[in-house]
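Protein chains in written order, with the numbering used here: chain W, 1 to 390; chain R, 1001 to 1576.
Derived from the structure by calculation, the hints contain no laboratory data.
Take these hints with a grain of salt, some might be off.
Some chain W residues close to chain R (C-beta under 7 Å, calculated; not the full set) [as the list claims (entries may be wrong)]:
#1 T92
#2 K148
#3 L216
#4 A220
#5 G238
#6 S334
#7 I350
List time: in silico DSS-like cross-link candidates among lysine-lysine, alpha-carbon distance up to 27 Å [said to hold, decoys possible]:
#8 W:K58 / R:K1151
#9 R:K1199 / W:K58
#10 R:K1224 / W:K248
#11 W:K87 / R:K1151
#12 R:K1151 / W:K234
#13 W:K63 / R:K1224
#14 W:K134 / R:K1144
#15 W:K234 / R:K1193
Cβ atoms here follow ideal geometry from the backbone N, Cα and C, with glycine treated the same way.
These are the residues of each chain, in order.
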Amino acid sequence: MWIYVLKRFFWFVPTLFAVTLIGFVLLTNAPGEAVDSLVMSSNSGGSIKTTQDLEQQKIYWRKQLGLNLPSFYFSISTLAEPDTLYKVYDETLLRKIKQDIKNKSGYKNYLPKIIWHGYHNQYHRWLFGGYNSKGIIRGDFGLSISKKEPVVVIIKDKLIWSLFFSILSIILAYAISIPIGIKMAQNPESKFSKTSQFILFLMYSLPSFFVGVLLLMLFANPNVLSIFPPSGIKPIGGYEDNASLIEKFIVSIPYMILPLICYTYSSLAFISKLTATSIQEQLQLDYIKTARAKGLNEKTIIWKHALKNSALPLITVFSSIFPSIVGGSVIIESIFTIPGMGLETVRAIISQDYPIVIAIITLSSIVTIFSYLLADILYAWVDPRIRITT
Amino acid sequence: MKFLLYILLFILSIAFTGSCKKTQNNTLVVHLLSEPEDMHPTNGASAVRAEINLYTNLSLLRLNYKTGELLPCLAKSLPVVSSDGLNYNYELKSDMTWDDKSPITAHDIAFTTKASKCLYTNNIGLKPYWENIDDIIVDNNNDKKFTIKMKRPYILNTWFWTDFPIIQATFYDKKNVLAKYSNAQLTDSTFLKSKPDIKQWADEFNSPKYSTDPQFMSGAGPYKITKWDKGVSITLEKKKDHWSENCQENWYCQANADKIILKLNSNNASALLELKNGLIDVSTMIDYASFTELSKDDKFTQNFTLKLADTYNYTYVAMNMKPDGKTHKKLFTDVAVRKAMALLTPYDQINKTLYENNNKRVVGPISPNKIDFNTDLKPLQYNVNQAKELLKQAGWADTDNDQVLDKMIDGEKVKFEFNINFMSGSKVWEDLAKQLAESFGKANIYVMLNPLDYNGFFNAVTGHQFDMSISAWQSSATPEDFSQLWSSASWTNNGLNFTGFGSAQSDALIDSINISVNETKRIELSKRFQKLVYDEQPYIFMFTQTRRVIVSKKWDNLVIYTEYPGVLLNTLKLKD
């Protein structure tokens, strides 16, 4: 067992490397350039001109942010293209140069070439540090291109809120749905079971943006019911200066209810249905009949024996929803104004802030790999028949 | 189950006692659609940042929001300008001080300029605004007097100071590094390489603490940022014993609310509910539909003032006048075709369905709200028959009966079909594109919608890789420098002249406008330029945008301006 776990940990490194590499290459090759976004302001009427000064500034900041380097250790191009083509950052000019080369180079356009750039490249700098970053292997994700702040500082608080809501919603979903699923499975023909099935089906079908707005319109609307605050995660004036963590939590409870419902309802519906089906299957099996024949009470049969044996699909679901804790939810965060990872991810993608995007990809990858590992361990724990070949 | 019920009751009881907690008296809560990227004194360009700076910082000059003219702020009066238009002599007011009670001097103006011009500082997008300043000479005998030497005469030589806060040299440069160097040295990359002390200062100055930590934000304005809860709110508090208490006649000195909380909410539905719950006192950013809904709510209008205010911004549809003919066909090279497209635009329908009939038409490159707007130019009206006639005159006809116009261009049969680009994520842009496509279809023109992300959109227009593109320009009361959007050089350099508009005549006119310090002459030239643009129709000029102002009746002194931000928060006064 432990050897298996160690082996899985060993595979962590190359998997992470591959994921970040793919993310990095895709993002750095996306159309447009971050420095241009920095230069552009949407004001007209001002006096921004494409001057020599501005070009100097672009060159300077491209160097500061490492954007003047090739993306990776090597690149693949045609024999016709020069090795230093990566230095041309202006996309229009680059298109023109490529077209000129293509027109002049004949057969060389069709012969591939690998260009070795060495370790002076953007990916190496991001991984191992250099200039103004210590590198991801030292826990430094570098500087945000658009905000020019360390990535860790930007995502730290946002990650906390996303983790808080996601983990709490997963706990709530399991804590509520398992008892409901069991009750439904115990008597599938009962009124409770049939009503629950209908409600759960309805819940599962509703999209979160609709439920979010519906909850607001029903419970934060002075024209209907004004029970909960309509947005935010804390009072408008913030917390009291010397408030303890518990006091802050209590003050924030009204703000958390509606977003939590929104985060939870869909997985709650799914897990309840899954639990019900799974337990129902178990209840038909011979070992349950034997347990009943031996005089075990129904509670012990279900909670100790049937639930444990029907836990495999629940673990699978857990391993698939757990990685989402890093990504947050764009829609829910937007509706309830939660400063979480979802909105930050969208902002970073739109502004081509690839240090932030890659940091998020890396964190998501770590959590995904970890959740699969955890799922494997849990499989073995709930069902000793599952032999893990080492 | 009983346990769950108890938890539910506990939560509801907390919710009932804790929800919708209103703020203390004399605290103004303002709806914010997005927060600033940073609040660094020189490095940043967002509109929200500029608005906050109105209350936390002071500039050499400010805008008189009522008259649209320049207003001396730190300066005692408007500058005395030399006859060649290159030297601007200023004197600072004597009673103004920084938070540590040290006086504001000409050295602070010189430091602000150096910090903004230095190649190492992180204000890349703003440097061109400072480019025209050659030097600042402080009077040896009076540190309140100084001369700003400009490189060229330019209409914005005084106006541009309204946009930039003056920063305290002793706070941001404790070792007095920049004082040792000239503006020329600070913009010379070769010189800078040999000066590690400048690099060290710039690294410190650019560091995030000056952008995000209120402890490291210092300004001369009557308010101070005391808290920035990222993604939630920004709190400004009135400074105690501030010199501004003695000059309440000027808007920039006023600080009537003890606290201003800028509360972030990017979702219209919850922002609407926050307003209904009375949790927000001021909003200028809610969408048209929500504004209309609120204006019909009698209960709401009892407590809130709702007004639509003009702005200087306008929406437009750009047409590529100089396509390469390969990736993008020569569809809009003929002025008759561009006029036909303008005639095929259902302005009234768009205004009604997308803007609740609240927007005004624009006819040229500046808003009708500006003093130099050419009133002789009349808006083109929706007229399908006239448009068809113009297209016919331009040689477009459906020769193969496939319901799409075609024409022989450069020996090739070209169909009148193209993409309309717009930025994805905006429902208004998408609906606008759909309505245009439908309307163009009436003249047998086939249009495909092409939503793009910011970078894709921006690269397409600046790289001239588009057919038609929907967007908007923001503007202000400041005199227009047309070179950025309309000069030929701006098209050649892949600048903001997307369409390819420009001729020797228009370029000469732009240059003349830019050096016309005489206002009457500038206005006359500006009107001539507008006529040139109008005749060429490089854009389908759509509408000025209106600002949706909602202010709680708890607050007095409400004056609504055309200039951003529309309402000066510091002047609002809590009713007795």
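Numbered hints the structure breaks, given as an ascending list: When the structure is compared with the hints, numbers 11, 12, 13, 14, 15 turn out to be violated.
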